[in-house]
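Peer 1: The listed protein sequences derive, respectively, from chains R and P. All the letters of the first sequence, read from the start, carry residue numbers 1 to 331 under my numbering. All the letters of the second sequence, read from the start, carry residue numbers 1 to 275 under my numbering.
Derived by calculation from the structure, the hints in this document are not laboratory data. Note that CB positions come from ideal geometry on N, CA and C, so glycine has one too. Check each hint, because a few of them may be wrong.
[Unchecked claim] Simulated crosslink set (DSSO-like; lysine-lysine; CA at most 30 angstroms straight-line):
| id | chain 1 | residue 1 | chain 2 | residue 2 |
| --- | --- | --- | --- | --- |
| 1 | P | Lys124 | P | Lys218 |
| 2 | R | Lys54 | R | Lys291 |
| 3 | P | Lys124 | R | Lys54 |
| 4 | P | Lys2 | R | Lys114 |
| 5 | R | Lys291 | P | Lys94 |
| 6 | R | Lys291 | P | Lys218 |
[Stated by the list, open to error] So the derived label-pair ranges between C-beta atoms look like this:
| id | chain 1 | residue 1 | chain 2 | residue 2 | range |
| --- | --- | --- | --- | --- | --- |
| 7 | P | Pro122 | R | Leu72 | 31 to 37 angstroms |
| 8 | P | Leu66 | R | Ser178 | 21 to 27 angstroms |
| 9 | R | Leu315 | P | Gly93 | 26 to 32 angstroms |
| 10 | P | His3 | R | Met160 | 25 to 31 angstroms |
| 11 | P | Val62 | R | Thr183 | 40 to 46 angstroms |
| 12 | R | Phe240 | P | His3 | 17 to 23 angstroms |
| 13 | R | Ser76 | P | Leu39 | 52 to 58 angstroms |
| 14 | P | Thr34 | R | Phe240 | 30 to 36 angstroms |
| 15 | R | Leu245 | P | Arg262 | 26 to 32 angstroms |
| 16 | P | Leu28 | R | Lys114 | 43 to 49 angstroms |
| 17 | R | Met115 | P | Arg90 | 48 to 54 angstroms |
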Amino acid sequence: MAAEVIPANVRESPGRRLPVEGIQAWLFVLPALLIIGIFKILPAIAAFYMSLFKWDVVQGAFRGLGNYTDWLYDNSLRSPDFWRSLSTTFTYVIFTVPLEMAIALVIAYLLFQKMRGRGIYRTLYYLPYVTSLVAAAAVFVWVFHPQYGLINDVIGLIGMGPQSWLDEPRGLFELIASSFGVTLPAWLAGPSLALVVLSLVTIWHYMGYQIVIFLAGLSNISSEYYEAARLDGASERQIFTRITLPLLSPTTFFVFTVASIGVLRSFDSVYVLTNGGPLDTTRTVTMLVFKTAFQQAQFGLGAALAFILTLVILLFTLVQFRVLGRRVNYG
Amino acid sequence: MKHLFLILAAVVVAYPFFFMVTSAFKDLLEATHTPPTLLPTKLHPENFVDAWNRAPWGRYFVNTILVSVVVTVLELATACLAAYAFARMRFPGKGILFTLFLATLMIPGEATLVPNYVLMSPSKAACLGLPCLGWFDTYQVQIVPFIASAFSIFLMRQFFLAIPNELSDAARIDGAGHLRFLWSIVLPLSVPALITAGLITFLGSWNAFQWPLIVTSKPDFRPVQVGLSAFRQEAGSSYHLLMAASTFVVAPIVLLFLVAQRYLVQGIARTGIRG
C-alpha cells in the first residue's frame, strides 16, 4: 500500500500523537467499558461470590462450596434434579445438533450449486431464525396438539395412532417399541416425546443460520480443487466426500460448537413450549436455574447451578478456540 | 430430485407461517377444525381488531419499539467510539483492554443473570455494599445493560481497520481531530457495517424474552414478546385471536428482514455470531 512510505509514527492518526491522544482514546472506550464492566464483568464475578452463600433474596450465611456439593451429591432433593437436568440438556443437544447440521449441510450444498431460485430458498430457510420463539411456540403447540394438531392427521395417513407430543412424558424408543408390543427397560426409554418435539422446533428455528454459515464455508473452498477432481474423473459423490467434507471441516466444527452452545443455553424454547414439563422431562439446566432462582428465590443455589453450566459452555468455547486456532490457515 | 428436496424442506419451514396467517383469518370454529382447512372459507380480518383490543398491544409495541431503537442507537454509538480507538488510535493499556473485551464474549448470559437481577432490585437491598439500582419495571432496565456489546465493537473495528490510511493522513493535514474524522469520514464509509451491526442488535432486542420476563411485571413496561406470552394464557381457547396476535408480533421483524436481509446474512456469514 502507498501508505507504507509515511513514517509509522505519523501514519497512525490525524491529530499528532500527543499524550492527549491516550486520554482521548480512553474517553472513546470508556462508555463501552463502563457498561460491559458493570453489567457483564462484575456480575460474572458476583455470580461466583453469590454461589458461595446461602442467599434467598437476601444474603445469608457463607456456605463455601456447599451450594455446589448440594447440586452434585450432597442434597437428596437437589442432586437428582441436577443430574437429571444435565442429562436432559445433553440429550437435547444430541437429538438436535447432528440432525440439524446434516440437513443444513445438504441444503447448503444443494444451494451452492447455483440453483435456480437460490435467493428465495435462502430467504425462506432463514425466516424462522428472525422469528421470535414465543410466536413460533404459539403455532407449534397447536400443530402438535394432541386432539386438534395437524401432525396427528399426517401420521394418521401412514397408519400411526395419535400421539400426545408436547404432553407426552414417555420416551421415544419406549413408544416405538410398545407399538410393536415390546416393553423396553427404563434406561432405554430415550428422550420424552416432548423433548423430541422441542428438538424439532429448535432445528426449524436455527437451521437457516447454519445454512448461511455453511454457504460461506463452501464459497471459501477454491474451485481449483473441484476442477482438478473433475479432470481426474471423480464422481459427484467422491467430490463431496473427498474434497468438500474435508475442506469444510473447520466450518463444520465451528457450526457444531456454536449450535451445541446455543442448545446448552436455550431457555426461550423450553419456557414457551413445555415450561420444563411434562413430568419434568424437558427441564434443562437453564430451566432449573430459572426455577431455582426466580421461582423459589434461591439465588445462591441458582448462581451455583448457573456457574456449573457456564463451565460446561466455557469448555466448548475453549475447545473451539483451540481447534479453530490451529486450523485457521486450512481454508 | 435436488429441487424436490429443497421444496420439501421449504414447505416444512414455511408451513408454520402459512398456518399462522391463515388461521388468523378464520373464525374460531374453522381455526380449530380438524383436519385444518387449507385456506379460510371466509376471511375474518376483524380477528386482528379483536385480538388487538384484548390486551394492551399498543403499549407493548410502544415499549418494544422504544427499547429496541434506543438500544440500537446507543449501542452503535458506544461501539463506534470504542472500535475507532482500538482500530486507529494508540493508547496505554490498549492490548489488555482489547483482550478483556474479547474475553467477555465467552461469558454466557446465564452466568450473569442472577447478579444482574439482584442489581436491579429495589434500592433498599444492598449490592456490594452500595444501594441496588431499583430498576424493576422501567425502560432503563431493558436498555442500559445492552447499550454496549463486545461483538459490535469487533465488527466495527474490523471495518475501521480497512479504511485507507491516506484518508486519515489527509484529514490530519486538514487539521481534523479524531472525533471529526470519525464523524465525517469514517462513519459515512462504514454504513454497510453499521446496518449489519444495527440489525443484529435490533433483532436481539425485539425478540428479547427472558430478561424482560423477569424484570418487568406490569404491562406498562413489558415488551411485545412477554405480552404475547401472557396473551397465550389469556386468549385461552380463542385460538384464531392468538394467531392474529402472533402475526402482528412477527410481521414487523419479518418485513424488516425481507428489506435488509442482504446486510444481516452477509454480517452473519462473515462473523458467525448468533444474533
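Peer 1: Each hint needs a verdict: does it hold in this structure or not?
Peer 2: Here is what the structure says about each hint:
no.	hint	in the structure
1	P:Lys124 x P:Lys218	holds, 21 angstroms
2	R:Lys54 x R:Lys291	holds, 16 angstroms
3	P:Lys124 x R:Lys54	holds, 19 angstroms
4	P:Lys2 x R:Lys114	holds, 12 angstroms
5	R:Lys291 x P:Lys94	violated, 41 angstroms
6	R:Lys291 x P:Lys218	holds, 20 angstroms
7	P:Pro122 x R:Leu72: 31 to 37 angstroms	holds, 34 angstroms
8	P:Leu66 x R:Ser178: 21 to 27 angstroms	violated, 53 angstroms
9	R:Leu315 x P:Gly93: 26 to 32 angstroms	holds, 30 angstroms
10	P:His3 x R:Met160: 25 to 31 angstroms	holds, 28 angstroms
11	P:Val62 x R:Thr183: 40 to 46 angstroms	violated, 57 angstroms
12	R:Phe240 x P:His3: 17 to 23 angstroms	holds, 18 angstroms
13	R:Ser76 x P:Leu39: 52 to 58 angstroms	holds, 56 angstroms
14	P:Thr34 x R:Phe240: 30 to 36 angstroms	violated, 42 angstroms
15	R:Leu245 x P:Arg262: 26 to 32 angstroms	holds, 29 angstroms
16	P:Leu28 x R:Lys114: 43 to 49 angstroms	holds, 47 angstroms
17	R:Met115 x P:Arg90: 48 to 54 angstroms	holds, 49 angstroms
Violated hints, in rising order: 5, 8, 11, 14; the structure is consistent with all others.
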